[in-house]
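S.K.: If you want the building blocks of each chain, they are given just below.
Number of protein chains: 2
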Amino acid sequence: MTEQEPTSEKQAARFAYTGLERVIHEKARLGILTSLASQSQGLLFTELKELCALTDGNLSRHITVLQEAGLIEVWKGFHRKRPQTLCRMTKEGRARFLDYLAELQRVVADAADARTVDVPKPTGMEGWTPV
Amino acid sequence: MTEQEPTSEKQAARFAYTGLERVIHEKARLGILTSLASQSQGLLFTELKELCALTDGNLSRHITVLQEAGLIEVWKGFHRKRPQTLCRMTKEGRARFLDYLAELQRVVADAADARTVDVPKPTGMEGWTPV
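Those protein sequence lines, which keep their order, are chains A and B. Each residue of the first sequence is one higher than the one before, counting from 1 in my numbering. Each residue of the second sequence is one higher than the one before, counting from 1 in my numbering.
Just chain A, same shape as in the assembly (with noise of 0.2 Å):
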């Protein structure tokens, strides 16, 4: 149906996208490690919570996520006299946050065609039935 030339070995698996890796690209984990990517000195608990709209149970779990990952440190201390969690990117999670990252705009880039295309009629279609 397509007019393109058969898929060659370059093309194979041109949409794989291997590097998007999962622990990261989970919504929630990604809205919390973009907001942590440029705070270098990390976030609180109550700060992140309010920054991602998630409630506090969900929070914990993708912290606990990310922190068995290696993605992100977790610190206990006190601020403004009352016990905190701080959360900060880790060396290693900001290395595999900018690889997640490379991949993802390439997923940008390769999607960028969609603006431009229109939807056609299905001709050229004889003998094809919808399911």
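Wrong hints could be hidden among the right ones.
It does not matter which identical chain is meant; a pair holds if it fits inside one copy or across any two.
[Unchecked claim] Here are the simulated SDA-like cross-link-like pairs (lysine to any residue), alpha carbons at most 20 Å apart as the crow flies: (1) K27 / A16; (2) K76 / P130; (3) K27 / Q105; (4) K27 / V108; (5) K49 / Y17; (6) K27 / R96; (7) K49 / G19; (8) K49 / A12; (9) K49 / R14.
No wet-lab data here; the hints were simulated from the structure.
Keeping the supplied structure of chain A fixed, place chain B upon it in accordance with the hints.
M.R.: Quick look at chain B alone, frame taken from chain A:
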């Protein structure tokens, strides 16, 4: 710990990324949709399988999800005298994919700072302990 001002109303949920529609955001489906985005005539099942490096079972499962979500349409027919399945993006799917893409570009822009930030030693964190 951070130098920033308390989170303002405007900043609240700044990193929630509500525009990252979950059905599109899943890694394999993002690959499928990105490959279909520039192919207005659609792609055959066998082409998608190779381009996205998916097994028959996985691709079938994701196609069902995308079809039920109204993002793609599925056609059955013959190509080179063999029964084939053709997938292509619906008009609605294209619009929703573009919305998703706009939000994805916001993530990339927000994360851009990560490239230039060094992780400092934990100074000014007296009384804080890693957990």
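S.K.: Which hints, by number, does the structure contradict?
M.R.: Result: no hint breaks.
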